[in-house]
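Each chain, letter by letter, is given below.
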Amino acid sequence: MSKGEARDIKILVFGLGNPGRQDDGLGPAFTSRLEKAKIPGLTLEADYQLQVEDALLFSEQQLVVVVDALRSGRKPFIVKRIEPAEDSSFTTHHLSPEALLYLTQILYERKPEVWLLGIRGYKFSLGEKLSPKARANFDQAYKCFIKFLKIVTTSGLASAIIDFQSPPLSRGKKDGAKEKRTAGA
Amino acid sequence: MARKITIEPVTRVEGHGKVTIHLDDEGRVSQARFHVVEFRGFERFVQGRPYWEIPVLVQRLCGICPVSHHLAGAKAMDIIAGVPPEKLTPTAEKIRRLMHYGQMLQSHALHFFHLASPDLLFGFDADPAVRNIIGVAKFHRELAAQGVILRKFGQEIIKATAGKRIHGTGAIPGGVNKSLTPEERDYFLKSPAPYNIDTVIDWAQEAIELFKKLHQENKDVLDNFAAFPSNHLSLVRKDGALDFYHGVLRAVDAEGRKILNDVDYQDYLKYIGEEVRPWSYMKFPYLKKLGKEKGWYRVGPIARLNTCDYIPSPRAQQEFEIYKAYTGGKPNNMTLHSHWARLIELLHAAEVIKDLLNDPAITGSKLVKKGKKQLEGVGLVEAPRGTLFHHYRINKDDQVTMANLIVSTTNNNEAYNQAVRWVADKYISEKPEITEGMLNRVEVAIRAYDPCLSCATHALGQMPLEVDLYDAKGQLIDSKRK
Chain X
668 MSKGEARDIK
678 ILVFGLGNPG
688 RQDDGLGPAF
698 TSRLEKAKIP
708 GLTLEADYQL
718 QVEDALLFSE
728 QQLVVVVDAL
738 RSGRKPFIVK
748 RIEPAEDSSF
758 TTHHLSPEAL
768 LYLTQILYER
778 KPEVWLLGIR
788 GYKFSLGEKL
798 SPKARANFDQ
808 AYKCFIKFLK
818 IVTTSGLASA
828 IIDFQSPPLS
838 RGKKDGAKEK
848 RTAGA
Chain S
279 MARKITIEPV
289 TRVEGHGKVT
299 IHLDDEGRVS
309 QARFHVVEFR
319 GFERFVQGRP
329 YWEIPVLVQR
339 LCGICPVSHH
349 LAGAKAMDII
359 AGVPPEKLTP
369 TAEKIRRLMH
379 YGQMLQSHAL
389 HFFHLASPDL
399 LFGFDADPAV
409 RNIIGVAKFH
419 RELAAQGVIL
429 RKFGQEIIKA
439 TAGKRIHGTG
449 AIPGGVNKSL
459 TPEERDYFLK
469 SPAPYNIDTV
479 IDWAQEAIEL
489 FKKLHQENKD
499 VLDNFAAFPS
509 NHLSLVRKDG
519 ALDFYHGVLR
529 AVDAEGRKIL
539 NDVDYQDYLK
549 YIGEEVRPWS
559 YMKFPYLKKL
569 GKEKGWYRVG
579 PIARLNTCDY
589 IPSPRAQQEF
599 EIYKAYTGGK
609 PNNMTLHSHW
619 ARLIELLHAA
629 EVIKDLLNDP
639 AITGSKLVKK
649 GKKQLEGVGL
659 VEAPRGTLFH
669 HYRINKDDQV
679 TMANLIVSTT
689 NNNEAYNQAV
699 RWVADKYISE
709 KPEITEGMLN
719 RVEVAIRAYD
729 PCLSCATHAL
739 GQMPLEVDLY
749 DAKGQLIDSK
759 RK
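Note that the protein sequences, when read in sequence, are chains X and S.
The numbering used here numbers the first residue of the first sequence as 668 and each following residue consecutively.
The numbering used here numbers the first residue of the second sequence as 279 and each following residue consecutively.
Watch out, some of these pointers could steer you wrong.
[As the list claims (entries may be wrong)] Derived PhoX-like pairs (lysine-lysine); straight-line CA-CA distance at most 20 Å:
#1 Lys-810/X to Lys-800/X
#2 Lys-442/S to Lys-705/X
#3 Lys-703/X to Lys-442/S
#4 Lys-651/S to Lys-365/S
#5 Lys-651/S to Lys-674/S
#6 Lys-437/S to Lys-703/X
Hints were generated in silico from the structure; no laboratory data involved.
If we strip away everything but chain X, and leave its shape as in the complex, we get (with noise of 0.2 Å):
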């Protein structure tokens, strides 16, 4: 694995679920293993969801990268452009990554790249590992994250992560459905 320092570019991870509901830890997952990592210059968080505070460390990035559970969708994961956006989640003790970037944007005046890798999951009930499938997929996003890192510290440019797409798909009629994000959806 590559050790690229992220020396250029303000970069937060930050993942999204709970530990404790199987596949739904997949985002703390994530970001655990980028800790044991050791990447430098990487800004490291995980929460069962997004709060309001958040704002503020959204502001002070140039990259956020939002790592969720997903219940549905696309394997092994997606990646999406996340763009501002009320909605409902404002009045929860949850905000999605959406309303959160429009909160960021009102309070702070600041938009940072924000985008979200969503991992495909399998189960969600008490329990605290991953689903075999769930961790082969966490695999292969996190060998696809490595990637985009390298292309990101090295361009400067946040936007690269446009070039951090996922395989192509051997989609299933499930696979094929929209995706449902679990902790901040």
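Using the hints, position chain S against chain X.
The following block gives chain S in isolation, referenced to the frame of chain X:
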């Protein structure tokens, strides 16, 4: 035509809740209920796990108040480890308090600044597109930004004491595994404004002033909306002071008479029963002394300020005296005054955090004590939303064999139902149509308690709001979702 209205899920609360209102043929409310629609499974999940894992495991109950579960679990495990709360080292006790008061600070800040203030600032009938945190950010930017900093400050305190933002490991059976370094302490005390405790205290005070101003402008609504008499229960310190971390159980009735007189919470089963009703997964706790019908009670900020004799920090005590004077020293049963009480607690939490940061014990090195192992223990804290009970038994192989949790939201179960009934009777009964404003009033009444239904059901879940309308025959007439 008889109708049934269902509000599911309730917004700006955590978990998955649903409100159903049945109307009779004349359009009058015949029944109003607050339901919880998820099954609780956590108590079984922890069975078989070694007891020392409990303080970390129970944080998975909830992403909103994991610290409360962490500490209630740890306090129960202290008993099992043979180290009762009074025997902890001063450093361990103060680090835990700091963590807990940090949690109280961030949770209360989130609730007032971002969840409740939209209703208070814009009114119950304001456009829902404005009546939310974005509306606050657009039209009261400084207030919204202050809320963010207060939240962040509390989260940073938690991170410094628990080790991590989620699933911290700070509290362990018999103590803690870290204290603060002088650098960590100084960060909170001496960082440039606004990231220091003095600014936090000032902003907490300003929030109280804001509430008092809004109260002057909307006295009728804030005094009377969903107000009803009830019993109140909380921990108090042994001398009767407000205490979120440790003490004895006290309950008073609507007139202030003591029903539970400072009893040891290890014996909570002697005093508190839990009734199961077939239409909700959430139990209905009650004081055994008064029975199922009359023994229900409220917990949380309003209850705590009704049970305690005083607040042991100067600025919060000053505000407490103003608050108490408003009801002539009697218990305050005005549901929306829970926001006022919550802000006084926010100020108190900030003051206590400053005192703890200035206490030399907070950087001490004596962290853990050992004792003679017991097979059963009860841990109790005042979580942001109210009294939180954790009760465990273990076997000789150190495995958990029984867990019983009564969370704050469960303790308030009957109060939600009373509040929903009040709103339904006043605003929905005999009205020709159901408006957004009416439905939001139901939510406002529930939201005053800041319920966390993930905790109540012991399962994390998404929590949008849904409203269904049924006739007397059970036919769905109308449905709204938020």
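For this session: List in ascending order the numbers of the hints, as given earlier, that are violated by the structure.
Result: Those not satisfied: there are none.
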